[in-house]
Amino acid sequence: METALATLLSPIILFFLLGLGAALLRSQTTVPEAFAKGLAIYLMMAIGLKGGVEMAKNPLTIEVVAVLIAGIILSFAIPVLAFAILRATTRLNATDAAAAAAHYGSISIVTFVAATDALERLGVEASGHLVAVAALMEAPAIISALVIISRMDRQPKDRASAMADADRGELVREVLLNASVVVLLGALFIGWIAGEEGTAGIAPFFTGLFQGVLCLFLLDMGLSAGRGLRNGWRQLGFGTIAFGLYMPVVSACIAAIIAWALGMPAADAALLITLTASASYIAVPAAMRLALPKARPSVYLTLSLGITFPFNVIFGIPLYIGMANFVAG
Amino acid sequence: METALATLLSPIILFFLLGLGAALLRSQTTVPEAFAKGLAIYLMMAIGLKGGVEMAKNPLTIEVVAVLIAGIILSFAIPVLAFAILRATTRLNATDAAAAAAHYGSISIVTFVAATDALERLGVEASGHLVAVAALMEAPAIISALVIISRMDRQPKDRASAMADADRGELVREVLLNASVVVLLGALFIGWIAGEEGTAGIAPFFTGLFQGVLCLFLLDMGLSAGRGLRNGWRQLGFGTIAFGLYMPVVSACIAAIIAWALGMPAADAALLITLTASASYIAVPAAMRLALPKARPSVYLTLSLGITFPFNVIFGIPLYIGMANFVAG
Amino acid sequence: METALATLLSPIILFFLLGLGAALLRSQTTVPEAFAKGLAIYLMMAIGLKGGVEMAKNPLTIEVVAVLIAGIILSFAIPVLAFAILRATTRLNATDAAAAAAHYGSISIVTFVAATDALERLGVEASGHLVAVAALMEAPAIISALVIISRMDRQPKDRASAMADADRGELVREVLLNASVVVLLGALFIGWIAGEEGTAGIAPFFTGLFQGVLCLFLLDMGLSAGRGLRNGWRQLGFGTIAFGLYMPVVSACIAAIIAWALGMPAADAALLITLTASASYIAVPAAMRLALPKARPSVYLTLSLGITFPFNVIFGIPLYIGMANFVAG
Amino acid sequence: MAETYAMKRIELIVERMAARRAGRVLQESGVTGYTVLPALEGYGNGQTWRRDADISGSSDMVAIVCVTSAEAASAALDNLAQLLAEQIGIVTVNDVQVLRPERF
Amino acid sequence: MAETYAMKRIELIVERMAARRAGRVLQESGVTGYTVLPALEGYGNGQTWRRDADISGSSDMVAIVCVTSAEAASAALDNLAQLLAEQIGIVTVNDVQVLRPERF
Amino acid sequence: MAETYAMKRIELIVERMAARRAGRVLQESGVTGYTVLPALEGYGNGQTWRRDADISGSSDMVAIVCVTSAEAASAALDNLAQLLAEQIGIVTVNDVQVLRPERF
Ligand SMILES: Nc1ncnc2c1ncn2[C@@H]1O[C@H](COP(=O)(O)O)[C@@H](O)[C@H]1O
Ligand SMILES: Nc1ncnc2c1ncn2[C@@H]1O[C@H](COP(=O)(O)O)[C@@H](O)[C@H]1O
Ligand SMILES: Nc1ncnc2c1ncn2[C@@H]1O[C@H](COP(=O)(O)O)[C@@H](O)[C@H]1O
Ligand code: NA
Ligand code: NA
Ligand code: NA
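Protein chains in written order, with this note's numbering: chain A, 177 to 505; chain B, 177 to 505; chain C, 177 to 505; chain D, 6 to 109; chain E, 6 to 109; chain F, 6 to 109.
Just chain A, same shape as in the assembly:
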């Protein structure tokens, strides 16, 4: 309860709510795309550096590797579950269901950061390697969704549906070398080799400003989520909207069991649970436009950005922290 209130009164969440409210009231307030993209790169550099500097403090143990592998497996597995649920409970066709499922297997770095912020407000700090987990969980879900669809489509491919080599190359680069993977892993590595001392000169920029920049970014996220919700919710059936609310909790439970099995400390568990529960809204939509162009963005984006993201940021994070305390306790 206390956690929930502390989360809700964080300026980060308040700015998100401000953006959400303004967009629902149809205000034309926007943050220019180029500026928001610049801030996103800043945020990923800052997250990566911080994680790398933390990682440099401890040796790479087998426990760390286990968590990395667990994250990858979760990212591969969640889409299979999400796809099955969507097909069983909604009228979405296979392509739409697979595309949406990919979003839930992948992660939202802003949700991750909001959880980190909530933990810090409670006076706890998670390990640096969770940033690596976040980066590694981006891509597997996309691969998983594409495997699901190619399994369904057993008829021999004609020229139209078979992907040209160049198109496949573009997709592979988009999945494995997209901006967030490159910057997050790159900055993590830089933080790791430069260490606390080596990054002292850049700390005022990347550490001191982090929370403030996040406020600005979340204002924009709120504006985007509100607009997406206003435009898109009518296109989603009741079952699909409900999915956007319970799926993160289902994912969270699975991640909680794994965190318990791995004996993760509470703060780390909270972040692994949050990552698993979060849904992508930048990297996966881009990959889906390349790989599954017939899937409708108005479905998967309204779900992940309009429903699941606000749910996670407002209600989910306190819940996931509670779950983590329970399994780690």
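None of these hints come from the bench; they were simulated from the model.
Here are the simulated EDC-like cross-link-like pairs (lysine to aspartate or glutamate), alpha carbons at most 20 Å apart as the crow flies:
hint	chain 1	residue 1	chain 2	residue 2
1	C	Lys470	C	Asp343
2	B	Lys470	B	Glu346
3	C	Lys470	F	Glu91
4	A	Lys233	A	Glu372
5	B	Lys470	F	Glu107
6	C	Lys470	C	Glu346
7	B	Lys470	B	Asp343
8	B	Lys470	D	Glu91
9	C	Lys470	E	Glu107
10	C	Lys233	C	Glu296
11	A	Lys470	E	Glu91
12	B	Lys233	B	Glu301
13	A	Lys470	A	Asp329
14	A	Lys470	D	Glu107
Only a predicted model underlies this, so the values are computations on that prediction, with no experimental measurement involved.
Starting from the structure of chain A, add chains B, C, D, E and F with the ligands where the hints point.
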């Protein structure tokens, strides 16, 4: 005198002069629009938060409410006066005069901030609720100007001049929910409920960087003002140019009387006077393109951005601080 | 050796390498142009202010003036040498050779900053007037290259090749009043008259954040350099590529001799050498598109941004610091 | 060769603040879609404007491209005439060939 | 008056993520160049999108302009038909006059 | 239906640094206005460029759209031929219908 010199030697003003000079010399230096808009959102968040945090320190008294109401009344009233003066002393038609008048009733948030900065250099600080006054003074002037025009136009409206419902809806949202109103009031509210403690984490970004970002923004303002002046001054008659110089002083005198009547402390009075004397150059031009498209931007923008803004920032602010000290003394 | 390692482990260089690597692997990661241009303006303001504040601490001596003049002469002279070398050793035509030569006479402000950073990591600081030297070395090289070309072209000009007055005016403004000259010299002057005290309020923005912003900017430089290299290297012959690697060293030797003749202190000498060795990739390409449109950007840009910039930043700077220690010792 | 069908391409160059209103006019005229492109700078009436050099954005223009049937184009022109009498802008129409006519 | 030559102008309005694929299709069809312009906002299928209001960028469109010979244009249309069956977008072609035909 | 009049639409795709010079050429040719649109990326001569991926901006192109009378268009083409011989770029002209011919 000392005030005037201190103001002129502030880096903020020096960067403004740099931009102004470069544009007058026809340098092609520009700050990209997307970047400048991002900075503008940052500035409004920072101003709102600061005002809110200050407001949280004191209870909302009847004096505060009186100042808020005074600001709204000034914003409604100044356009009536400005319109009358413009019609009497210049050859501008009713539409151009009404549009220009709206700019003078509304406010310039950057002029407000420059005045705050000048006060801080003198070691005084104004109350937080002046930010709320600023936000509330944005819109009334627009309504006032539209009422003036609709009064003049008594003949029955044909389809061409009557506004469609959707167009009116767009205008209302632009006037009441434009980016500066939303972000300024939203951030004020967030600062107010989060308080000093709740905003400590974001203070390095919003407080520490404020003056520096302002320098960058004022470089851009100087570039815009210089270019506007170079392109536009030939289209303005002598009477119109003079209006851009004496109207802020006239407004300032009226605001000074009100500040005196309300018994406002000197720093608060200085800001109320500055707000009243300042002229809008973002929110009102946008609204005028929607509401009075026949009014010429080359008239109202050259006046507010090319003439009144530089006048206020260079000469006006020291004068208004002097007036405030006089009426509050 | 130690210097070289310290340079290579600087986060600034590591982010450059990250961008370079990502672009060579054909990642589509980009920093939006508007954001990067905004950061570039920030960097030039910060560099100018810092230089100006430093300059204000000491009187303007004859030694300072001598260095300023030496920089201007180097900027005029290097293109003559570079042009001769390119014509003797490569198959570039006169126009391409002159355009490339102009880049090597002018300077790269990021290389300058990277050298400043490397010096600071070694615990030494250079004088503020080197920033003025940097600003003054931008333009002369362009003039020099245009003189070379007009000397070559002795036949009477027909209307097509003679430049119209308006075109010449545009070129002159682009050369003398381009963004980096205006902002760098303007900020230098502002720092100089405002001094340490007057700029204290903006120090957190311009000093505290400098290194961090530089990381982001160098990530973008790496992405640009990598992409330029990948697209352009096939168009350059072996001689031209080699020129991109030895020309900076040749220029550095000449500058070292001058630094020795002027008796410059080691840190100042290191920066003068670095400036002379560096090649422009923003101001000069823009001027060349106006003045020598027939020169191929794929030649001069691949040379300066794809070859010389990475060489200087990774290998050159430690070398130039070594040379400076030698001549100043 | 792929079969093509005759349609009209309307191009409206109009102030940015009027773009939404123009969009509504197009929708009411029965077009099925349109796309708005940003402009950087321009010249008209002896004056130039430039997006990055004017912080107020009050002279910014956009180009609205709309591919539509001859009937909808004709209705759109009628309705745009009025808008263009009030706001700054110009409109052009020309014949184009498209694939998949059922889309318009 | 300068002599002019007949060419085709292809304009493809297509989702941003499909632009590279469309570019490859154009190249394979034998065109010698094309230029991609950004879009700000748009309307289609009863829905509007707006670049700055959607952080995911998943609805962003671009306009691809390609001036080319009649043969290459015809090949391009054939090849684009397939792309447009999968990705969101429309294509138009019209006749234009150019200078320097050897450039295309 | 609103009455329309025949005009020419000139579209010039040219490097960004040459846009101002091209604008002057158009003005001297007697056109009453033009609008410059930014480009994001492009392909020509076997090479691609991309605005956000090149910090120097030296390959950036823009599209200049100009609606004008047949005479001014003819003069503009003559004058542009020379500019295009020096700078990178292409120009197309086609017939369009406009409202309010007195505007051009
Ligand atoms: N003939 C034209 N062709 C293309 N754009 C034009 C034309 N005339 C005007 N414009 C655009 O409309 C803006 C305003 O023009 P004006 O209404 O003539 O002041 C100009 O700055 C251009 O961007
Ligand atoms: N007829 C059209 N003319 C111009 N742009 C269009 C047209 N139809 C669709 N578009 C663009 O394509 C996007 C997607 O349209 P749709 O495929 O109808 O959902 C729209 O938002 C517009 O940007
Ligand atoms: N046929 C064309 N159609 C449209 N744009 C073109 C065409 N040819 C060249 N371009 C543009 O002009 C740029 C330079 O082309 P080039 O002069 O062929 O190197 C290309 O990157 C494109 O942006
Ligand atoms: Na997930
Ligand atoms: Na006012
Ligand atoms: Na040099």
